[in-house]
Amino acid sequence: MQLSRDKLLDAYTRMKKIRVFEETMRDEFAKGTVPAFIHLYIGQEAIATGICIELTDQDTISSTHRGHGHCIAKNSNLEKMTMEIFCRADGLCGGKGGSMHIADLSVGMLGANAIVGANAPIAVGAALKQRVLGEDLVSVAFIGDGASNQGAVFESMNLASVLKLPVLFVFENNGYAEFTGIDYHCGGGDIAGRAEGFGMPSYKLDGSDFFAVQEAAAEAVDRARKGEGPSAIECIAKRWYGHFEGDPQHYRTKEELETIRRDFDPLTIFRQKVEEAGLVDSKDLNLIDEDLLSQVTAAVEKAKNSPLPNVEELTTNVYEKGSY
Amino acid sequence: MSIKTYRESIIEAMILEMKRDEKVFVIGEDISGGRGCGDYEGEAAGGPMGLTQGLWDEFGAKRVIDTPISETAIMGAAAGAALSGLRPIAELMFSDFFGVCFDQIYNQAAKFRFMYGEQGATPLVIRTMIGAGIGCGPQHSQSPYSIFANIPGLKVVTPSNPYDAKGLLIASIRDNDPVMFCEHKALLGMEGEVPDDAYEVPLGKGKIIKEGNDITIVAIGQMVGITQSCVSKFEEKGISAEIIDPRSLSPFDEEIVYDSVEKTGRLLVIDESNPVCSFGSWITSMVSDEVFSSLKAPTRVLTPPHCPVPAAPNLEAAYLPDLDRIVEATDYLANYS
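Going line by line, the protein sequences match chains A and X.
Per the working numbering, the very first residue in the first sequence carries number 1; after that it's consecutive.
Per the working numbering, the very first residue in the second sequence carries number 1001; after that it's consecutive.
Any given hint might turn out to be false.
Quick partial rundown of chain X residues pointing at chain A, CB under 8 Å, derived from the structure [to be verified]:
no., residue
1, Ile1065
2, Thr1067
3, Gly1080
4, Asp1103
5, Gln1104
6, Gln1108
7, Gln1119
Okay, the calculated beta carbon distance ranges per label pair [unchecked claim]:
no., chain 1, residue 1, chain 2, residue 2, range
8, X, Lys1205, A, Ile288, 57 to 67 Å
9, A, Gly151, X, Ser1337, 49 to 59 Å
10, A, Thr33, X, Gly1137, 48 to 58 Å
11, X, Ile1069, A, Asp289, 44 to 54 Å
Calculated directly from the structure, the hints in this document are not laboratory data.
Remember, predicted model here, so these are calculated numbers, not experimental data.
Virtual Cβ for every residue (Gly too), placed ideally from N, Cα, C.
Build the full structure now, drawing on both the sequences and the hints.
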């Protein structure tokens, strides 16, 4: 654990922001105020944060339908992101994308993607800037265990390996592809092993532990920047909630949910590690907690009180203005 | 100005644009060929149909990127590269292969501008081979441009001659939206006068190939040349046909067709698509909506029958609209009263 105090506080802030944001979204969804489907990232905060904390704004990520956490970890504007999830005119995408298609290109967040696995080739494409223009750039694809079975993901790993592109394939193995368990859906059961088969270094680690993720990310990013090609990181994660909000989760036991929330809370694990090592005082973390709650509450209130897009916007942004 | 083939015009357009803009690059299968074959370092093929010949020698591996046979990864990487500020030319060797990679084209590239609220452009050209006529059979001969044109966010062009091939490709590369550039395989060797410098044929501008007063014939892609070869037969029958090449299906030059139909009162479309929901049927639908009162006869679309493209030469010949069918349909509509 050789991270600076600032970096540790930054990491905690990003993880906690995801947690508070998603809990607020859960409550808002239950109240019926969120106009689109949402998929919560709670339980996986250490993964997005551990990866993105090693990236710059010039580095890019491509995300999944479960993308709120990736947005926050990549430092998207919280207010504009919240507005987008509420499909408002001033949201990041003008209200046309919503939760499952949220993007913030200003910080290299190339978009959530509602087609499972389809974001992998897009990340490979962003990485081509290193080859074509010689730009210093790392590109990350976040991929669920369900998406790991898609042909698009296999093709992407192969292409990135063949072309030696600076891509991190980050597999968030939360054990469920929608309502289907990994023991059923993943032949061989070893996602990292599959990646290794494409000739890239791969890691399999505890995705509830920020430090495990961050350490692997730092190595993989370094290799990518040096032009040494792609890596894969399989993070064993816990999905605290259903596939989407409203999923009654008949396929999981109460005991499972109690156990993961007790033993695999990325925030608790982080706090224990930094407090025990005397790196950060719990008072400082408590202050962050309070601040984030008020930030998120304010963002949600602002979003709810902001206007939906004008109906005249229905057919705009399809093509470049004036070209069609 | 010099005589160039359709193929040479396409290659020249890419070379000129790659020289002009370092962000332009080409990605696809065997576009140089020979990679990974021992010590071989040259260009083994320049594309299976020779459409990227010479690029490797001029620009090398950084901008002429040979890939594994992975159309989804190619199209998706091109989409992601475009969203990130590069200007890819991605080759989908045969348009029939869209079946394995269409998600990246129609759910991703075509939608980025809209679903990400204008945050980024998608300046992507997908060069792809269409068409029947040279015996490639059911999975290498189709003309799925009507399917492409159905997708909001995609632009679709169908050059029918070397001049338009070069000018449309340059315009497509400079365009800030994804363009499906449909090259017709039966036209690759076609020769014509083509300027040596760069020039644009604007997307969405059709062209009157031949003026006439009795009937408007809109022909797409390969069908333009076949329709032109019918002109002496039309004249023998005393029919003055106006022939229009739309050149671009999306955006589509509606005005050039409406103006012509207002003059002639009759419309025939010759289209290599499958007949059901063909692009031709969309043209006749628009004409019925907009200039119905000018029509003196029903509109008609001439397409192949609703079947896959056959391999047998006699069946393939029977499949495509030919001189006899075009003359017959033109004669029928011109004399309809």
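Here's how the hints hold up against the structure:
1. Ile1065: Holds - the Cβ of X:Ile1065 comes within 8 Å of chain A, reaching about 7 Å at its closest.
2. Thr1067: holds, 6 Å
3. Gly1080: Holds - the Cβ of X:Gly1080 comes within 8 Å of chain A, reaching about 2 Å at its closest.
4. Asp1103: Result: holds, 6 Å to nearest chain A Cβ.
5. Gln1104: holds, 6 Å
6. Gln1108: Given a least distance of 6 Å, the restraint on X:Gln1108 holds.
7. Gln1119: holds, 4 Å
8. X:Lys1205 to A:Ile288: 57 to 67 Å: At 59 Å between Cβs, range holds.
9. A:Gly151 to X:Ser1337: 49 to 59 Å: holds, 57 Å
10. A:Thr33 to X:Gly1137: 48 to 58 Å: holds, 56 Å
11. X:Ile1069 to A:Asp289: 44 to 54 Å: holds, 52 Å
Of the numbered hints stated above, none is contradicted by the structure.
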